[in-house]
Amino acid sequence: MQLAGSRFTDATAMLGNDLATLPNFPAEIRAPAGTLAGVSAFQIHFASRDILTPGDQPNVLVAMNPAALKTNLSELPRGAMVIVNEDAFSKRNLEKAGYASNPLEDGSLSAFRVHRIPMTSLTARAVEGIEDASTRDAGRAKNLFALGVLSWLYGRPTDVTKQWMQKKFADRPAVLMANLAAFNAGWSFGETTELLDVQYRVKPATDVPPGTYRNVNGTTALSLGLIAASVRSGLPLLLASYPITPASELLHALSRHASLGVTTIQAEDEIAAAGMALGAAFGGRLGVTATSGPGMDLKAETIGLAVALELPMIIIDVQRAGPSTGMPTKTEQSDLLMAIHGRHGESPLPVIAPSTPGGCFAAAFEAAELAIRYRTPVILLSDTFLASSSEPWQVPMVPELPSMDPAFASAAEGEEFLPYARDDRLARPWAVPGTPGLAHRIGGLEKADLTGNISYEAANHARMTELRAAKVERIAEEIPPLRVDSEPGARLLVLGWGSSEGAIRAGVQRAREAGHVVACAQMHHLNPFPANTGDVLHSFDRVLVPEMNTGQLAQLLRARYLVDVESFCKVQGQPVFAAEIEEEIARRQ
Amino acid sequence: MQLAGSRFTDATAMLGNDLATLPNFPAEIRAPAGTLAGVSAFQIHFASRDILTPGDQPNVLVAMNPAALKTNLSELPRGAMVIVNEDAFSKRNLEKAGYASNPLEDGSLSAFRVHRIPMTSLTARAVEGIEDASTRDAGRAKNLFALGVLSWLYGRPTDVTKQWMQKKFADRPAVLMANLAAFNAGWSFGETTELLDVQYRVKPATDVPPGTYRNVNGTTALSLGLIAASVRSGLPLLLASYPITPASELLHALSRHASLGVTTIQAEDEIAAAGMALGAAFGGRLGVTATSGPGMDLKAETIGLAVALELPMIIIDVQRAGPSTGMPTKTEQSDLLMAIHGRHGESPLPVIAPSTPGGCFAAAFEAAELAIRYRTPVILLSDTFLASSSEPWQVPMVPELPSMDPAFASAAEGEEFLPYARDDRLARPWAVPGTPGLAHRIGGLEKADLTGNISYEAANHARMTELRAAKVERIAEEIPPLRVDSEPGARLLVLGWGSSEGAIRAGVQRAREAGHVVACAQMHHLNPFPANTGDVLHSFDRVLVPEMNTGQLAQLLRARYLVDVESFCKVQGQPVFAAEIEEEIARRQ
Amino acid sequence: MSAVVTGNGNGDGGGAPVLTKADFQSDQETRWCPGCGDYAVLAAVQQFMPELGIPPEKIVFITGIGCAGRFAYYMNTYGMHGIHGRAPALATGLASTRDDLSIWVVTGDGDSLSIGGNHLIHALRRNVPIKILLFNNQIYGLTKGQASPTSELGKVTKSTPFGVADHPFNPVSLALGAEATFVARTIDRDKRHLSEVLRAAATHEGAALVEIYQNCPVFNDGAFAALTEKETKDANQIRLVAGEPVRFGVDNERGVARAADGHLAIVDVADVGADALIVHDPHRLDPGLAFSLARLADNPTVPTPIGIFRDVQRPVYGRSLPTRTAPATEVELAELLLGSDSWTVG
Amino acid sequence: MSAVVTGNGNGDGGGAPVLTKADFQSDQETRWCPGCGDYAVLAAVQQFMPELGIPPEKIVFITGIGCAGRFAYYMNTYGMHGIHGRAPALATGLASTRDDLSIWVVTGDGDSLSIGGNHLIHALRRNVPIKILLFNNQIYGLTKGQASPTSELGKVTKSTPFGVADHPFNPVSLALGAEATFVARTIDRDKRHLSEVLRAAATHEGAALVEIYQNCPVFNDGAFAALTEKETKDANQIRLVAGEPVRFGVDNERGVARAADGHLAIVDVADVGADALIVHDPHRLDPGLAFSLARLADNPTVPTPIGIFRDVQRPVYGRSLPTRTAPATEVELAELLLGSDSWTVG
Ligand SMILES: Cc1ncc(C[n+]2csc(CCOP(=O)(O)OP(=O)(O)O)c2C)c(N)n1
Ligand SMILES: Cc1ncc(C[n+]2csc(CCOP(=O)(O)OP(=O)(O)O)c2C)c(N)n1
Ligand code: SF4
Ligand code: SF4
Ligand SMILES: [Mg+2]
Ligand SMILES: [Mg+2]
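Residue numbers (the numbering used here), protein chains in the order written: chain A, 125 to 713; chain U, 125 to 713; chain X, 6 to 351; chain S, 6 to 351.
The set of hints was computed from the structure by calculation and includes no laboratory data. Bear in mind the structure is a predicted one, so any value in this text is a computation, not a measurement. One should not assume that every hint holds.
Covered stretches of chain U, as calculated for chain S (at least 3 residues, CB under 8 Å) [as the list claims (entries may be wrong)]:
# : segment
1 : 342-352
2 : 361-370
3 : 442-452
4 : 513-524
5 : 567-575
Derived list of chain A stretches under chain S, where covered just means 3 residues or more per stretch with a C-beta under 8 Å from a C-beta of chain S [claimed, not checked]:
# : segment
6 : 480-492
7 : 512-519
8 : 626-640
No farther apart than 27 Å at their CA atoms in a straight line, the calculated lysine-lysine pairs in the DSSO-like style are these [as the list claims (entries may be wrong)]:
#  : chain 1 : residue 1 : chain 2 : residue 2
9  : U       : Lys215    : X       : Lys160
10 : S       : Lys163    : S       : Lys196
11 : U       : Lys220    : U       : Lys194
12 : S       : Lys196    : A       : Lys215
13 : S       : Lys163    : S       : Lys26
14 : X       : Lys196    : X       : Lys163
15 : X       : Lys238    : X       : Lys196
16 : A       : Lys215    : S       : Lys160
17 : A       : Lys194    : S       : Lys26
18 : S       : Lys196    : S       : Lys235
19 : X       : Lys163    : U       : Lys194
20 : X       : Lys163    : X       : Lys235
21 : A       : Lys220    : A       : Lys194
22 : X       : Lys163    : U       : Lys215
23 : X       : Lys26     : X       : Lys196
24 : A       : Lys194    : A       : Lys215
25 : U       : Lys194    : U       : Lys215
26 : S       : Lys160    : S       : Lys238
Heads up, the beta-carbon is just placed ideally off N, CA and C, and yes, glycines get one too.
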């Protein structure tokens, strides 16, 4: 076993060395921190060059059997990825390793992102039929399978490894064939099953305020935020979703919480999922639907209905790369303009975007607040990078979370019920079925002001269009202003949104260390913009907007404020890197 | 019968007078030009106040029986609307009127927009059960049914008429009830069956160049343009559509031309319709799909696939009013930003918009040219107003229509076929099934440059994203520049797009007559913009953009050119009126 | 007149004041064409509703787009006029989070079988506790006369000037193929039959599909004349009655029997004897016989079965899992947020 | 080994050089998990293709998204990897405008029955000339193990940690309810049976639905073990053979007969006698019997029919109307543009 382990280690090290020379490659692989004799586990430490801190704990563990898992688990930080060879978790092996119950089943790995892959049998099948390959060769080849999986996961070119194998096993063609087959099988497994890239985030360099912490990735934080919103509003939560990488994880996460009053439905498609969330919203529930790009296309019509009905609803888009199917496991921010404009007719709604994994909690909570308070669908834009990155997150105290009053309507004696009357915020009453005296009908046809009856009247349509827009625009009065991290004399503002916050902060930090004077800010509200946005933009000579798209936020800012913001566009399916930000800043000084 | 006719006439006149006093009301009703004794037909002339020319021919004929039709038909201009009481077209009545065959069946009304409504029986049913109402009352009430239909059609408030009836029949409650019921039934009929408003367009004031003319509405012109493109490209035409007001008319129009090699499919939904058009495009056909707003939402994902596949395809959006179901029979221009941005990921495509009914022919033809030449889906934005308005249109000579070469790929000896290689225009080869040697696979996953194989490579994705954008942007080099109708010293430009052209031209004309110096232009290419757009915008002090939305083109222009264009927004489900343009111009001088 | 309707979110109505038809009539003017079959269905539903013993505010009508879709506006209950084809999805979201409501879907043949086909079949297989009234007029009414998925072959419509080329769906057999637990067919003009079927649908726990043949006098008049007109209806209505042999005709002279090759066939009772007739049993778990009955008529111009084809029990969607409707308590939330691996700083 | 396949856009292949399996293998590396049932189906299809006598460039594979959807890349024919659930729509567009092609759709159980359910049933009712291979692994493979509409009740998956609560579809009965003219079921591991079914599907004029039980060793290993493993398969495969009594078992000791109440039941031949067994006839127009056969098994862990359930003729979509493939001539176009009411100025 040790032999197998060290062969793999060689391979990894070799690969690491080779790849470290590739200019654009973000990850580095080091030799294992230490393996115990008799245990074929190996550790690989990936760390972005940008954020390399010596002595970091490993954040990926590939455990080929229970013993390996047991030996190494204690070194792993929470939120790390654990890939196990499921086949090796037999009763016998578990006993040998001293496990009383199977750690894969008993919840003891709940702090980690576990991928169970039957590597032994998959490798055996891959190697099947290769002439002269012995069972032993096949057995060993599973490490190459694992290497294949990792190569896929971290998106490395495979030719380097293959060449290395060819050299290494030049004199043993059967072994070569077996290893190649296993490696390819592992790689294909990653691609075919849309195995998700994981990204590691460094803790912010600032001092950590006192409090209780845990590690969360964006998906977990979203799920917690939604449940918290449900508790603090008293509205039972329904998530209706159709599986799609990478948004499926939220469905998986929430589906485990039936005992907390969370209902999840795997709908027949994304249209149905949106419809179910809206139907639940009509019934006075917290209706949520989550998807990724292609699914958003399909939800557009239903979201438009929610705009017309003026009912609360949350739509989560975990953005992924590319038009059409694109690159499902890669990250991007290219759904912003679709979120804002991707429906026919004038159908405005709020759009918000968290910028850190932990921030997903607050964003989900805020999405519910806005939805409930303004009776409107809200789109929350996450992305692949956010969803799967982890960071330490300060656990909020429940009583400190604001409580939300759904303020359901109830009948007032002698008063006619007007489903489209409005409060100060221009929000209409939420009168849920079951409330005596408020039976009413709503629909997607244009509604007469106040009564909500069908109306084709010209002036009414103009008025309703205005009201719907004004209601959303009015949110700007209640959201926090854009907060700028500036220095005296800064003339350049780096303005980002979404998951680029970490990279922007780090890049700005380094630029400052290099002597540049520069400001930065991150937008969490994409529609409406914070009220001070125009002032902020006008107070700098230059504004740089880095985005993982072709300049979508930039377009909105330019149109609205007529400021000649500059774009740094990265459309590679990869997050923005701090080094890139630093470079872009330097270039502008 | 004359009695009934004149009672109706009274009603109409009365209604007209009342309504003419409403400030925003666009239509005026005059007494009939002359009715023949014994014929209960009546004519109503609607003309926009803005474009009132004395002596115009009537453009709506409501014929309660064949005799009425026969007597009045000759006065109607081509393209007029004919509403007939279908029930009265019995064999006997036809004979009485001297018709050898039924004009409703024999094609002799093909120059008109005919609505057949069984008014007698619908009225009888509506009046059924009203106590004391005689059969005679019921028989007469059908005229009120017709009035109800017209009131719906021209969007008038119904209370005025009802009050008038109440006064008129105060002493005959049964008659009143019958008439009210009939009137309501007619009105509901219009609403329930989504009867389309028709709009009358004035001929342009300019001199008419010599040539052959016919009347066409936007729908007919689109259908002719598509067939012409099919003929001139040699590509058989497939229209796949799902019915929706007002786009259904195009399906109806094209479905009649099977004998000209036109295939039409009524798909199960809009998603399927788009898929069918794209499937046909893969097969080397001219694939077209048409819909209105809600259907566009549903097609988004398939359009995104077409962007990734880089196949020619035409998507026609006949815009209608409102978000969600909105006001299906009313006009609007609020799908522009959706057309450009309404898909996930970066998925650019050309968007064009005709501005007159006759212009729909050229637009359809051009859409095909762009789609074929650049291997791209093209969105054509029409609207309800354009689709149903008629105007005289100069019939083009077939040989003068450009021919289009689909330039299908064919195998070259010894050369590897590269499905994503590109020509000068960055267009890729169109290799249709059946071509020996070119079998290849395409799909929505990101494709490697040149080979089209699946690729998750970062740099490749950036490059492909760029190439797709550059291809569309490059179209700006080949489309005509924005043509400005200016006067020396003009500092204000009125810049429109789509169906507002008539109103803008007329408004500008009047403003000029009133002494204002003003320029105007109409954009037909919304993506990419004509190459000179920036120069044009910068050469005026002020730019006014009238739109039937909340400022969508304005947003695009502002973002791109950083010009502080001003919006005149009208979101009433009604076209822009010349008087409004005139007023907006005057206000800015 | 107050059958006890239990289970299935239909409330208990215990102690509620007695309701009348008028309680279910909204203040909106009905806007169908005069003579439209929709009026009759509306009247029958409004008249039936009091039987449920459920107050109007506990009843929800969710409809799609189409003439039928207007139904929601005319019921003095909660109502949502959704978007085209998606009513079953909207209703599923509501039904799986509000088991105290009685939820009805009204849809047209285009709405439910063309654009909405997928939601329909999934709601049926899931057995979502909703009652789906499918107004089948074999045409698109609202959009003025295009073919629908139930239009007969060869029919000339606005979108098919040379006749429909698509083989039509038989909604009953589609529903049975989609695992529906309750499937029935009735007719707008037969108020009594309609009410009986509504009653059974309401009592059914789970999803109920009721196909209602509905005349559209404007775009497809007389499509069901064979089943509705005095002169022809006895000869053409094959009424399915639980526990009874399947028999019909002016003098009950015809019936349905199994032919030697195993198929169902319409026979003269005189030829085969009354004992040879099959006895209808909608409660059989195996839908095979119901399916065969559905196939007796391709188009309702020939003898056509009406009544309840299938009515069986199966776990109701959202009721089989241990559900909890209330959100977590604050203590539970605090525990959840903390997780199992937190640490404290400072 | 070269059955003559006629009609239905399958070309004539006359005089074409003889093709081999290798002609249908693309240069792309296959990327399914080792041991995936998809490999076996791919091999069987590639081996079968030469029989069609159609050159590869006249063959098109259109696929949806899912592991199964990757199929298109591995066939050396024209191919389109579409979007999730929409392959039948894409294929319908192609099939109705290119009757010279042989068009195959490959789809998964989620792709075809969940998101794509509507397109599937409409393609079947229309009888579009396409062959649909539905790879049913009762799970979502590509997205890593969520429930599919064919997952059995109670199954624990990533999206259903407390077990599937949705009653599954039976693809065969859904297809029959949707008016399908050809419906068959086969198994990835039984190459011979698979090839036979492919042959029949290819010969069928119109839409053919072939459900292929396909093992997903990673997320749903052994779902079809009862039908594929040596020890159990004879006892569980009910092979439908046209013209033969329906009989199965290790010693052919069991069979399917009609019970007294009209339903199909599995019987011991010894008890009822061989004559009591029903004789399979896929060519009957009435789908009632085929439907009943489909209902014999709810889940393939018990005796389950495989083979061709239905294979009947009905007008093929796009072929019943007088069609013309060429666009209008210039003269016709000029006439059309002119219309009947033009006038001339100047
Ligand atoms: C997404 C979308 N597509 C199309 C339409 C147009 N539309 C409204 S109702 C309808 C069909 C009506 O037919 P049916 O469902 O049979 O109802 P009926 O009017 O006959 O009662 C269509 C196509 C729409 N409103 N939305
Ligand atoms: C619109 C859209 N929604 C969701 C997805 C994600 N997705 C891809 S394949 C798939 C289901 C795969 O299951 P199945 O069809 O059974 O195929 P298998 O992988 O099992 O062969 C899903 C949900 C997608 N690509 N597009
Ligand atoms: S069009 Fe037909 S279905 Fe619609 S309201 Fe009129 S009669 Fe009824
Ligand atoms: S996940 Fe399952 S279906 Fe997909 S390739 Fe792997 S084994 Fe095959
Ligand atoms: Mg209908
Ligand atoms: Mg599957």
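Now the hints, each set against the structure:
no.: 1; hint: 342-352; verdict: holds (count 3)
no.: 2; hint: 361-370; verdict: holds (count 3)
no.: 3; hint: 442-452; verdict: violated (count 0)
no.: 4; hint: 513-524; verdict: holds (count 5)
no.: 5; hint: 567-575; verdict: holds (count 3)
no.: 6; hint: 480-492; verdict: violated (count 0)
no.: 7; hint: 512-519; verdict: violated (count 0)
no.: 8; hint: 626-640; verdict: violated (count 0)
no.: 9; hint: U:Lys215 to X:Lys160; verdict: holds, 23 Å
no.: 10; hint: S:Lys163 to S:Lys196; verdict: violated, 31 Å
no.: 11; hint: U:Lys220 to U:Lys194; verdict: holds, 11 Å
no.: 12; hint: S:Lys196 to A:Lys215; verdict: violated, 36 Å
no.: 13; hint: S:Lys163 to S:Lys26; verdict: violated, 38 Å
no.: 14; hint: X:Lys196 to X:Lys163; verdict: violated, 31 Å
no.: 15; hint: X:Lys238 to X:Lys196; verdict: holds, 14 Å
no.: 16; hint: A:Lys215 to S:Lys160; verdict: holds, 23 Å
no.: 17; hint: A:Lys194 to S:Lys26; verdict: violated, 49 Å
no.: 18; hint: S:Lys196 to S:Lys235; verdict: holds, 15 Å
no.: 19; hint: X:Lys163 to U:Lys194; verdict: holds, 25 Å
no.: 20; hint: X:Lys163 to X:Lys235; verdict: violated, 31 Å
no.: 21; hint: A:Lys220 to A:Lys194; verdict: holds, 11 Å
no.: 22; hint: X:Lys163 to U:Lys215; verdict: holds, 24 Å
no.: 23; hint: X:Lys26 to X:Lys196; verdict: holds, 14 Å
no.: 24; hint: A:Lys194 to A:Lys215; verdict: holds, 15 Å
no.: 25; hint: U:Lys194 to U:Lys215; verdict: holds, 15 Å
no.: 26; hint: S:Lys160 to S:Lys238; verdict: holds, 23 Å
Hints 3, 6, 7, 8, 10, 12, 13, 14, 17, 20 from the list above are not met by this structure, while the remaining hints are.
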